[in-house]
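Novice: Keeping their order, the protein sequence lines are chains A and B.
Residue 337 in numbering that gives the first Met the number 0 sits at position 338 of the first sequence, with consecutive numbering throughout.
Residue 88 in numbering that gives the first Met the number 0 sits at position 89 of the second sequence, with consecutive numbering throughout.
Don't read these hints as lab results, they were simulated from the structure.
Please note that a few of the clues may not be correct.
Unchecked claim - Which chain B residues stay away from chain A? Per the calculated CB distances, all over 12 Å, these:
hint	residue
1	Thr248
2	Gly256
3	Leu284
4	Arg287
What the hints assert, rightly or not - Here are a few chain B residues that sit away from chain A, every Cβ distance over 10 Å (derived from the structure):
hint	residue
5	Val31
6	Asp35
7	Leu39
8	Asn60
9	Asp97
10	Arg141
11	Arg151
12	Ala153
13	Gly232
14	Ala262
15	His326
To be verified - Here chain A is said to cover these stretches of chain B; the calculated rule only asks that three of the stretch's residues, wherever they fall, bring their Cβ under 8 Å from a Cβ of chain A:
hint	region
16	177-186
17	273-281
The C-beta atom is built at its ideal place from N, Cα and C for all residues, glycine as well.
Protein chains: 2
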Amino acid sequence: MTSLPDLAAVEAMDAADPLRSFRSRFALPEGVIYLDGNSLGAASHDVFAELQQAATEEWGNGLIRSWNSAGWFHLPLDLGDSIGRLIGAAPGQTVVTDSTSINIYKTLHAALAMRPGRSVIVAEGDSFPTDLYMAEGVASTRPGVTLRLEGRDADTIEDLIDDQVAVVLVNHVNYKSAELRDMAALTRRIHEAGALVIWDLCHSAGALPVDLDGANADFAVGCTYKYLNGGPGSPAFIYAARRHHDAITQPLSGWWGHARPFAFEQNFAGGEGIKRFLCGTQPILSLRALKGVLGVWDEVDMGALRKKSIALTDLFIQLVEAKCGQHGVVLETTRDSEKRGSQVSFMHSNSYEVMQALIERGVIGDFRAPATLRFGFTPLYVGYRDVWRAVEVLEDILRSGSWKDARFAVRSTVT
Amino acid sequence: MTSLPDLAAVEAMDAADPLRSFRSRFALPEGVIYLDGNSLGAASHDVFAELQQAATEEWGNGLIRSWNSAGWFHLPLDLGDSIGRLIGAAPGQTVVTDSTSINIYKTLHAALAMRPGRSVIVAEGDSFPTDLYMAEGVASTRPGVTLRLEGRDADTIEDLIDDQVAVVLVNHVNYKSAELRDMAALTRRIHEAGALVIWDLCHSAGALPVDLDGANADFAVGCTYKYLNGGPGSPAFIYAARRHHDAITQPLSGWWGHARPFAFEQNFAGGEGIKRFLCGTQPILSLRALKGVLGVWDEVDMGALRKKSIALTDLFIQLVEAKCGQHGVVLETTRDSEKRGSQVSFMHSNSYEVMQALIERGVIGDFRAPATLRFGFTPLYVGYRDVWRAVEVLEDILRSGSWKDARFAVRSTVT
Numbered sequence: 000m001t002s003l004p005d006l007a008a009v010e011a012m013d014a015a016d017p018l019r020s021f022r023s024r025f026a027l028p029e030g031v032i033y034l035d036g037n038s039l040g041a042a043s044h045d046v047f048a049e050l051q052q053a054a055t056e057e058w059g060n061g062l063i064r065s066w067n068s069a070g071w072f073h074l075p076l077d078l079g080d081s082i083g084r085l086i087g088a089a090p091g092q093t094v095v096t097d098s099t100s101i102n103i104y105k106t107l108h109a110a111l112a113m114r115p116g117r118s119v120i121v122a123e124g125d126s127f128p129t130d131l132y133m134a135e136g137v138a139s140t141r142p143g144v145t146l147r148l149e150g151r152d153a154d155t156i157e158d159l160i161d162d163q164v165a166v167v168l169v170n171h172v173n174y175k176s177a178e179l180r181d182m183a184a185l186t187r188r189i190h191e192a193g194a195l196v197i198w199d200l201c202h203s204a205g206a207l208p209v210d211l212d213g214a215n216a217d218f219a220v221g222c223t224y225k226y227l228n229g230g231p232g233s234p235a236f237i238y239a240a241r242r243h244h245d246a247i248t249q250p251l252s253g254w255w256g257h258a259r260p261f262a263f264e265q266n267f268a269g270g271e272g273i274k275r276f277l278c279g280t281q282p283i284l285s286l287r288a289l290k291g292v293l294g295v296w297d298e299v300d301m302g303a304l305r306k307k308s309i310a311l312t313d314l315f316i317q318l319v320e321a322k323c324g325q326h327g328v329v330l331e332t333t334r335d336s337e338k339r340g341s342q343v344s345f346m347h348s349n350s351y352e353v354m355q356a357l358i359e360r361g362v363i364g365d366f367r368a369p370a371t372l373r374f375g376f377t378p379l380y381v382g383y384r385d386v387w388r389a390v391e392v393l394e395d396i397l398r399s400g401s402w403k404d405a406r407f408a409v410r411s412t413v414t
Numbered sequence: 000m001t002s003l004p005d006l007a008a009v010e011a012m013d014a015a016d017p018l019r020s021f022r023s024r025f026a027l028p029e030g031v032i033y034l035d036g037n038s039l040g041a042a043s044h045d046v047f048a049e050l051q052q053a054a055t056e057e058w059g060n061g062l063i064r065s066w067n068s069a070g071w072f073h074l075p076l077d078l079g080d081s082i083g084r085l086i087g088a089a090p091g092q093t094v095v096t097d098s099t100s101i102n103i104y105k106t107l108h109a110a111l112a113m114r115p116g117r118s119v120i121v122a123e124g125d126s127f128p129t130d131l132y133m134a135e136g137v138a139s140t141r142p143g144v145t146l147r148l149e150g151r152d153a154d155t156i157e158d159l160i161d162d163q164v165a166v167v168l169v170n171h172v173n174y175k176s177a178e179l180r181d182m183a184a185l186t187r188r189i190h191e192a193g194a195l196v197i198w199d200l201c202h203s204a205g206a207l208p209v210d211l212d213g214a215n216a217d218f219a220v221g222c223t224y225k226y227l228n229g230g231p232g233s234p235a236f237i238y239a240a241r242r243h244h245d246a247i248t249q250p251l252s253g254w255w256g257h258a259r260p261f262a263f264e265q266n267f268a269g270g271e272g273i274k275r276f277l278c279g280t281q282p283i284l285s286l287r288a289l290k291g292v293l294g295v296w297d298e299v300d301m302g303a304l305r306k307k308s309i310a311l312t313d314l315f316i317q318l319v320e321a322k323c324g325q326h327g328v329v330l331e332t333t334r335d336s337e338k339r340g341s342q343v344s345f346m347h348s349n350s351y352e353v354m355q356a357l358i359e360r361g362v363i364g365d366f367r368a369p370a371t372l373r374f375g376f377t378p379l380y381v382g383y384r385d386v387w388r389a390v391e392v393l394e395d396i397l398r399s400g401s402w403k404d405a406r407f408a409v410r411s412t413v414t
């Protein structure tokens with residue numbers, strides 16, 4: 000690693016940043032350094048305008064007519080294509096709908112139905128847990144289906160794959176360690192065994208370039224409220240490779256997935272292609288907020304984004320280790336930037352209290368049980384000077400021991 | 000029926016209306032008579048303020064902290080209790096989440112699991128179709144489960160109920176005919192046969208008083224964007240009677256339904272009570288719009304609402320039959336107001352074209368295939384003078400034959 004940069008060097012990095020103009024597109028509060036865009040992305044000003052238009056003009060004045068005239072009915076497909084451009088999916092293969100959990104359920108069922116005679120789902124033991132809970136839910140409705148977990152049943156995903164495996168559900172970037180998988184290589188390995196893959200992109204969509212089509216992926220799911228900045232709980236997405244479209248069946252077969260939803264037929268008949276992953280009526284206001292920020296994304300060069308993401312995370316690791324290493328923080332994330340998403344995790348024996356102290360000082364990251372300090376770096380609105388300042392505050396908290404104040408130990412509902 | 004009222008009599012009804020002040024709480028466009036609140040309710044001004052607060056203050060400034068500080072995480076339960084007051088559910092039995100279709104899936108699975116050894120789902124052949132599509136989806140994942148339909152397998156729901164039936168999924172008010180079922184009597188009949196009931200309240204919540212606890216109902220689902228005015232696609236609700244809470248299992252077992260969602264455990268362990276019907280992260284902006292209007296609902300006397308609803312629909316039927324009866328419109332809804340929801344349907348050989356002509360003249364109802372003109376009467380913002388004027392326009396369109404213009408026959412996506 001290069002020699003430790005000083006403040007002047009860090010400010011020079013900001014001055015040379017080709018993405019620096021995007022910061023003004025987001026509404027960040029004064030005095031806050033926001034390193035939690037990997038949990039909830041910031042609000043863009045475009046979103047406020049979009050929401051106002053959707054609520055007062057389209058809903059208030061357009062009323063029911065806006066399902067057609069404002070294109071509400073097509074939002075899941077239109078927004079899906081906008082996201083498709085960020086994840087390497089040609090048009091018509093991505094749809095925005097429901098939650099990530101529900102979309103995992105749909106894609107697991109679809110994949111299992113496409114591999115009759117195979118009964119194993121492979122997943123990661125250290126996955127964000129809802130992936131595992133949904134796999135459990137799927138298994139509960141399909142007699143004989145079982146779950147094999149990396150870290151429990153074998154050390155690596157690869158060791159779990161054999162001719163019993165129908166589908167592998169795997170995270171592109173781990174939510175806690177930030178480990179980045181090689182999508183193309185693992186997809187190839189899974190296909191060689193005759194299985195299908197579902198990529199969970201929650202921590203990579205909008206964080207780095209993704210190339211689903213190029214990797215020959217089968218399915219993918221992901222959320223839109225982290226790096227994509229779609230707003231709290233904005234609906235999630237599903238990708239399905241076009242070659243699978245005619246084979247898609249899944250039990251959440253609601254009227255939005257019907258070939259003729261307004262014919263009011265008594266029996267279900269799946270619509271064309273990716274539409275088969277739609278189920279019920281979608282929350283339009285939340286979709287419109289997402290639409291607002293996807294306009295910003297249309298202007299982003301994903302190569303420049305990745306380059307800045309690596310520079311930010313490299314700088315953070317270097318500064319924390321140099322300035323806080325003696326205070327018991329230990330790097331959890333890999334030092335190899337090619338195998339890392341856009342976040343950095345450190346462990347500390349009192350991570351919860353340290354994170355609360357940081358948040359009180361305006362440096363917002365998050366705690367992940369049992370002992371992780373997690374910091375996300377969203378290149379659109381985090382700069383190098385922010386990294387410098389965040390480390391200054393962390394160093395001060397650790398050196399002074401101010402995190403030991405009793406109030407920082409009080410746990411809130413959502414941590 | 001009483002003698003035909005004249006305009007002065009109708010205006011006197013408005014003057015004496017105890018709910019007339021609510022109209023100013025809603026943002027209805029000039030020149031529009033909105034008789035489609037049974038499809039998408041109007042926007043209340045309170046909702047605009049709520050959305051602005053949620054987007055700019057809570058998301059923009061509060062960022063991730065708002066999950067706790069703004070109570071986002073508790074919205075599904077808090078809003079559930081607010082709706083509970085309108086549907087006769089004591090606190091802790093209702094939750095707002097996901098879509099009606101998905102909630103039907105969850106409750107059907109939960110009910111089937113509570114009746115092992117029974118394998119039949121009973122539903123209505125003329126239900127809004129997504130109920131049937133979801134029942135099909137459930138059956139596809141539970142070997143041996145079959146569907147019996149009223150209107151196909153027997154003339155009445157009652158004739159379909161025997162000791163093979165696990166659960167009956169039934170609409171409180173039919174979406175097309177407006178038929179209102181006797182909830183207490185049918186629930187009793189279903190329980191006598193040892194089965195469970197799921198009431199679909201899409202067309203009764205906010206339209207008339209509902210008494211789930213009083214009727215000893217088991218489960219209910221419903222949407223919030225029709226009579227409740229929650230906004231386009233605002234999330235739906237689930238009710239489960241407290242006596243069933245410990246027995247609830249359903250396969251959409253995501254992290255929001257976990258007993259300890261932030262402990263990040265590897266295995267699913269269902270949370271307490273109604274929380275078990277939660278799955279993934281919810282669209283907060285859409286939930287906040289709903290919250291805005293539920294404040295209005297807190298002020299509404301449901302008895303007065305029902306009285307006005309009956310008066311509006313009685314008046315509409317009386318005026319249409321008197322003034323338009325010779326032009327081929329035939330009443331589809333019952334004349335018996337005690338067996339009718341808050342909407343009125345007429346059939347006409349060219350319903351599609353007639354409805355398009357009405358909408359162009361500012362009278363917004365909707366068309367339901369194959370031949371229904373459907374009009375919803377939402378007592379909070381529709382008055383008696385609106386009914387009078389709507390019938391005047393309908394009469395003019397039918398008498399002049401202006402609906403025959405070719406442009407009215409062009410079908411749009413959502414009809």
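Novice: Hints broken by the structure, by number, lowest first?
Specialist: 1, 2, 3, 4, 5, 6, 7, 8, 9, 10, 11, 13, 14 and 16
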